[in-house]
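Asker: Residue numbers (this note's numbering), protein chains in the order written: chain A, 1 to 374; chain B, 375 to 841.
Read the hints as simulated data drawn from the structure, not as lab findings. Where hints are given, some of them may not hold.
Residues from chain A that keep clear of chain B, each with C-beta distances beyond 10 Å, as calculated [said to hold, decoys possible]:
| no. | residue |
| --- | --- |
| 1 | 160 |
| 2 | 340 |
| 3 | 357 |
Derived DEER-like restraints, expressed as beta-carbon distance ranges [as the list claims (entries may be wrong)]:
| no. | chain 1 | residue 1 | chain 2 | residue 2 | range |
| --- | --- | --- | --- | --- | --- |
| 4 | B | 721 | A | 269 | 54 to 62 Å |
| 5 | B | 583 | A | 204 | 39 to 47 Å |
| 6 | A | 360 | B | 816 | 55 to 63 Å |
A virtual CB, placed ideally from N, CA and C, is assigned to each residue, including glycine.
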Amino acid sequence: MATLARLQARSLTVGNEYYFRNSVVDPFRNKENDAAVKIQSWFRGCQVRAYIRHLHRIVTIIQKWWRGFLGRKQYQLTVQVAYYTMMMNLYNAMAVRIQRRWRGYRVRKYLFNYYYLKEYLRVVSETNDAIRCRRKKIASHGNQRKALEEFAEMKEREEKKANLEREEKKRDYQARKMHYLLSTKQIPGIYNSPFRKEPDPWELQLQKAKPLTHQRPKVKQKYSTSLTDWLACTSARSFPRSEILPPINRKKCQGPFRDITEVLEQRYKPLEPTLRVAEPIDELKLAREDLRRKEWLRNVNDNMFLPFSSYHKNEKYIPSMHLSSKYSPISHKEQFRSEDPKKWICDKDFQTVLPSFELFSKYGKLYSKAGQIV
Amino acid sequence: MSLLRPLLLDVVPTIQQTAALALGRLANYNDDLAEAVVKGDILPQLVYSLAEQNRFYKKAAAFVLRAVGKHSPQLAQAIVDCGALDTLVICLEDFDPGVKEAAAWALGYIARHNAELSQAVVDAGAVPLLVLCIQEPEIALKRIAASALSDIAKHSPELAQTVVDAGAVAHLAQMILNPDAKLKHQVLSALSQVAKHSVDLAEMVVEAEIFPVVLTCLKDKDEYVKKNACTLIREIAKHTPELSQLVVNAGGAAAVIDCIGSCKGNTRLPGIMMLGYVAAHSENLAMAVIISKGVPQLSVCLSEEPEDHIKAAAAWALGQIGRHTPEHARAVAVTNTLPVLLSLYMSTESSEDLQVKSKKAIKNILQKCTYLPALEPFLYDAPPNILKHVVGQFSKVLPHDSKARRLFVTSGGLKKVQEIKAEPGSLLQDYINSINNCYPEEIVRYYSPGYSDTLLQRVDSYQPLIN
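Using the sequences and the hints, build the whole thing.
Answerer: Quick look at the structure:
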């Protein structure tokens, strides 16, 4: 009961105390609320920032790897292209080397022999000098028959000299082959018989000669210098070709061998280049220019020949609407190439190139008889 | 005429002979008199009595026939119609060389006119007898027989073949060595008439081993012998390259060039043509002509000779030499012939033939010429159609040769090229552009016309820097 009384007495102030206590706390409440909000927001901000940093790091790693991957791919392509370019340059250089050798060989062997021409011109000038000297002598002597005889004598002398030289060479070669027949200190050779007064001239020849070695180097055939050989060589680029014919009385080799004439024919078949090789690739353009040049040379009058029917016509030409309007038919040249010269890859004009086709290049030139009409 | 005719039938042989001689002299003098002789029916009389009389009469009668026959083809035809050929051929078999000479002379004059008359002479069987006449010792007879053969052979290949078949060529070739100038002249003429028709005939003449004997004839003192020897060599060389090569191999080129040097006027013409033919066949032969020192000689001919046709031949020959390769063109250009050719082409006094030939020669040499010092004068004087090609040649050579570029600038060529007006897009403009591309821009601008004016304009419009 006392407690109740106490509580009842206190209950009057409870309300006031309660109100008083709540209102005292009020200002602090806002302050504390704000503080709490601030702390919380700051902390959440730190959280989010930490999360974003984390994300950044991860993304950087991903991007780094991805870009590395792309770069490596690009690098491989670049390397491939560079390698390819290098190899193509090498192949081109090698092809140029082969072509250079082949062209030089072909021209020298089949088309034109420069040294031969030089030799011919030298011989011609020598003959000219001989004729001119002879003529000077004629002018001084005044007798032509004498001059003719002198000329004939000169020719004879030259021939005799050539013959003697040939004989000399033959004898020397013989002596070199028979070198072992030379006499030694103990045994006199067959040409140095003790019963003779003096040794045979062959003995002296043998003494002078050097013995032959086993490997005789192949002596190159020099061109014979007589002018009659040149008689057949009148086309611009011809030269004598010594065709080595097989000996006439040749015994057939024992065994299953082919006929020798067939073999030699096959072995020494002359060069038959295909159409593609025989003519240059811009042959059409060259032929056109050639024709134009020949016409210019041939024509007496350089102006274009106008037909007589238009001689009296003084009217100006009026083109048709189709041609004179802006919307003219497209010329094909413009279709294929842009009009701005700066965009052109190379500044030369297109070439008219007609590649040759190989349809008949091997006809009749193969060894097999497949497909031939019996 | 009517008075002389009965005298032919006179009893006394001397009167007959003298009458015939008189007739012959009359007919010799003039055309109309010869016609009168024919109209007066004297010929059959002569022919009839030719068969029987003595040698003096025969000589005189043959003289009459010759005198009548030489004037025109119609008169010669009249002689043939009255059957004189057979009797003349019979005279050719006579013992007396004088008679043979007169008969051969008459036959030669008849055959000279045209092919039908020659054929008639050949049909009468004259050729073998003429060949026999050639072998006779008398020089005059040889001369006349050679000239008769030459007149027969000159018309057609068949007639020449007939002469060759009779074996004339070997004998003619032997006679080249004879010291008599007139005989040589006739013999060479006969051989050249035979050789000119075809390759086979020329080869047959060559096989008679005339080379190198003919070359000694080229140094003879007599002008006609030289001319005919050159003609013979020309006729042989013109057919094929092989024959030209044969001539050159025997030293013919040098001999002919010396011969040209020693002659003047029309005697040079066959030699010049021979060089042209030889050079035309192939470039090796043209080179052989060049090394035999032919080009200076030809250019001397070109400048010295007064006659147009000889100049035309020299221009043609130079064109043939220079047209093959740049070396050949250079050899021709070095001797300074191109300005001479140009002046001949441009001058109004030259005949049309000369103009055409010099134009062609210039064109031929120009299209291969890379020797720039010779081309430079052309920049100044040439007409536009040739100028285009000259500039084209410059544009081909200049990009590759630095010394030539320098020389081109210092000699004023670049200046001249800038002054040339060309339509844009034409070939000439392309050439000029390619020449301009060889030089740095400043030099091209410096030499372009009106550059000093533009510089002065810049001076006028320049604001001086005021400090």
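Asker: Each hint: holds or not?
Answerer: A quick look at each hint next to the structure:
1. 160: 19 Å, holds
2. 340: Non-interface label stands for residue 340(A): nearest chain B Cβ at 18 Å, farther than 10 Å.
3. 357: 33 Å, holds
4. 721(B) / 269(A): 54 to 62 Å: With Cβ atoms ~59 Å apart, the hint holds.
5. 583(B) / 204(A): 39 to 47 Å: For residue 204(A) against residue 583(B), whose Cβ atoms are near 44 Å apart, the range 39 to 47 Å holds.
6. 360(A) / 816(B): 55 to 63 Å: 58 Å, holds
Of the numbered hints listed earlier, not one is contradicted by the structure.
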